[in-house]
Amino acid sequence: MHPAKSVILFTTASGAGYGLIAWLGILGALGLLPADLGLGLLAFALGFGLIVLGLLSSTFHLGHPERAWRALSQWRSSWLSREGVAAVATFVPAGLFALCWVVFGRNEGLAGLLGLLASLSCLVTVACTAMIYASLKTIRAWHSRWTLPGYMVMAMASGGLLLQALLLAWRLPIGTVFAWLVMLLLGLSLAVKLLYWRALAADDGGSTAESATGLGQLGQVRLLEAPHSESNYLMQEMGFRVARKHAETLRRFAIIGGFGAPLLLTLLSLVLPGGFGLAVTLLAVALLAAGLGVERWLFFAEAKHVVTLYYGEDRV
Amino acid sequence: MTSLPANPGATKLGLVIDLDICVGCHACAVNCKEWNTGGHSAPLTDTDPYGSDPTGVWFNRIHTFEVVNDEGDSRTVHFPKSCLHCEDAPCVTVCPTGASYKREEDGIVLVNAEACIGCKLCSWACPYGAREYDEDAGVMKKCTLCVDKIYNENLPERSRVPACVSTCPAGARHFGDLGDPTSEVSLLVAAREGYALMPEQGCAPVNRYLPPRPKAADQSETQAAPLSPVETGEDSAGLLARWVDRLLTR
Ligand code: SF4
Ligand code: SF4
Ligand code: SF4
Chain S
1 MHPAKSVILF TTASGAGYGL IAWLGILGAL GLLPADLGLG LLAFALGFGL IVLGLLSSTF
61 HLGHPERAWR ALSQWRSSWL SREGVAAVAT FVPAGLFALC WVVFGRNEGL AGLLGLLASL
121 SCLVTVACTA MIYASLKTIR AWHSRWTLPG YMVMAMASGG LLLQALLLAW RLPIGTVFAW
181 LVMLLLGLSL AVKLLYWRAL AADDGGSTAE SATGLGQLGQ VRLLEAPHSE SNYLMQEMGF
241 RVARKHAETL RRFAIIGGFG APLLLTLLSL VLPGGFGLAV TLLAVALLAA GLGVERWLFF
301 AEAKHVVTLY YGEDRV
Chain D
1 MTSLPANPGA TKLGLVIDLD ICVGCHACAV NCKEWNTGGH SAPLTDTDPY GSDPTGVWFN
61 RIHTFEVVND EGDSRTVHFP KSCLHCEDAP CVTVCPTGAS YKREEDGIVL VNAEACIGCK
121 LCSWACPYGA REYDEDAGVM KKCTLCVDKI YNENLPERSR VPACVSTCPA GARHFGDLGD
181 PTSEVSLLVA AREGYALMPE QGCAPVNRYL PPRPKAADQS ETQAAPLSPV ETGEDSAGLL
241 ARWVDRLLTR
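Protein chains in written order, with this note's numbering: chain S, 1 to 316; chain D, 1 to 250.
Next up, chain D with everything else stripped away, as it sits in the complex:
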């Protein structure tokens, strides 16, 4: 059924991504690929991986933006993006086959690879670029919120979080129930004024982003004195240095 759940449950599992902390190391993208290429939507096919034009399926990609304020002061923001498991997911309702669906119990949006005809319409409907077509398998793939990890009873309890969350060396990714206002992630979002991406698209994403903290004013310029230009005159260097220089430039 590609209609959205009529009575969605209270649980809304999702990610909270801290843009203040993310250092743009791409570790989450790599571990996402690693876990998922053997998981629910496996494999995450790469075509021409060692050739001149490699492409492949990734569920998580890290963009880097520069933000320049009115004073011309700029900062770099690393920006990981995966499926936001939207409450009003247009990718689900456009699917003609019922392959795309949103789970009633936890809100995870998944693709049933057995039913997908590979029409790609869902990837057109998603504003966030969260769906990637697997040319080789002929079906659409997307972030599963590591559904095969977070409920996996073969794993120790502390490992039952998405691969991207457990691998982040900076602790920039959080996972939890955003439908419960008292959950750790919800409190974090409230405290840091977390926000949704492109609200004007009307998809009601579940994932939240925490904004970079304001820069401390006195840190915005480096305290070190600028380097002065190197003197190139004849007597600026010692005799030996000049001799070595002449020898090497010959």
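So that you can see chain S by itself, here it is in the shape it has in the complex:
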């Protein structure tokens, strides 16, 4: 599948934003985080900023952005519509929670309840995003059992690492406990991604040029002539190929640079004194951002659509 920049930016940025706000809600409700004004301002600005950046980038890649509101109507059948509804709905508890935190200096008790509701909405929204892909039977790489867990842990890991950087900057006591949680999530992201790729390699495809044409009874089927001499929408959108060699390099980068290194840097930040701890954590954030970008690019680029069977593939 064609890896569109807008969708890569949308899924990674909004994932991190939802992860960050989900963490703020959970920690606030558990009374683990003081309703510090500076932390609240920066954390919510960052969280909402990432979400809005993602939503805007996904809206502007539409053919008719001005009609985007229509996408809220078909939640009964469409995961994309459900995602839209969840994304809009999340602004209510998340906005109120942010208000309680920043204006009234409260994030536990009743405000904490709002926080929990916000966290839940954030998680539901990320799950809907994942299901848009996981529900498509035409693309086996996405119709994988690891798609949903992958989106969830990566959103929580990236949101968590951002919060960890803020906690270090504010020198809040919860720093070390939370750091271990973030490391766990980074490790899980790494593990889920490896399992995803293993499942992908083991899956030899369910459709063939024979089943696509129904001509298997007669023998082996091979495309002799494409319907047209030039490219078309289908091939531009769904016929994307990435060389195996490049894919392997990128996978290695995502695993080592994107998840492994941030994990080790977070560990390192625990033993380094103040300012250095923050510096390596910021480096970890940058590496994770790059790693997620590469991981998401591969998620699209490596995914093969069954329509390519009509354009020369043997098995998808």
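Any given hint could turn out to be false.
[Claimed, not checked] Here are the simulated lysine to any residue pairs, SDA-like style, with alpha carbons at most 20 Å apart:
| hint | chain 1 | residue 1 | chain 2 | residue 2 |
| --- | --- | --- | --- | --- |
| 1 | S | K245 | S | R198 |
| 2 | D | K120 | S | K245 |
| 3 | D | K33 | D | T167 |
| 4 | D | K120 | S | H2 |
| 5 | D | K120 | S | Q236 |
| 6 | D | K120 | S | E66 |
| 7 | D | K33 | S | H228 |
[Unchecked claim] If you want a taste of the chain D side facing chain S, the calculated C-beta under 7 Å gives, among others:
| hint | residue |
| --- | --- |
| 8 | H63 |
| 9 | Y101 |
| 10 | E105 |
| 11 | N112 |
Just so you know, these hints were derived from the structure itself, not from any lab. Glycine residues also receive a C-beta, built at the ideal position from the N, C-alpha and C atoms.
With chain S's structure known, arrange chain D with the ligands on it following the hints.
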């Protein structure tokens, strides 16, 4: 509403395509484009039509496959493909806006261009590549089963069939109600063991394909004797021919 009709009607209009007869002339694709660029989903935009990289929207495309059997004997099969108007159309259920819908009365799957936001998700959900995005209009387009022709009372009754069907010079395309087991198309499908494409995708397509008939065994090799290599020796041609040859190769 992008939920599929709760009580789909008994009528299932669709196409039956005879792969034994199709000669791969692309006439149906051309007439489809011709009719539909002025029809329900008009226009069928072409970008850079006279340039070096032309692309454009087509509802019907003709692929050509080679099928080789175990004996190494091969045959060529021309394979037209358009929307199959699936009963369990995933392109409809994924649509977030309600722009994509399946008609209750005849099962035709259409896009309402006024409501489409151009998210392209439906084209990802369709296994058959039947949906093409119009970059210029910013909306998705697809085969309409010529809904504006088959019910068109301004046309003589015999013309009320899809453009691709009426234009096929070989008679390889049939149109009718596949929901009625006694219809001509249903009988044809039963007689020729017509089949659905990629049943494992679970879309329950309405359109059917009729398989190429088996080759008669004695026709699979040409009866003509192979040509023998041209002799090039000095005395293989007459004096005049050799002289002309020498003159021309100088
Ligand atoms: S062929 Fe594709 S576009 Fe047509 S109804 Fe089936 S899934 Fe939808
Ligand atoms: S491109 Fe249009 S018709 Fe297709 S799913 Fe999106 S809104 Fe619906
Ligand atoms: S039924 Fe009409 S729109 Fe569909 S392929 Fe045939 S000519 Fe084109």
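Hint by hint, where does the structure go against what was stated? Just the numbers, ascending.
2, 9, 10 and 11
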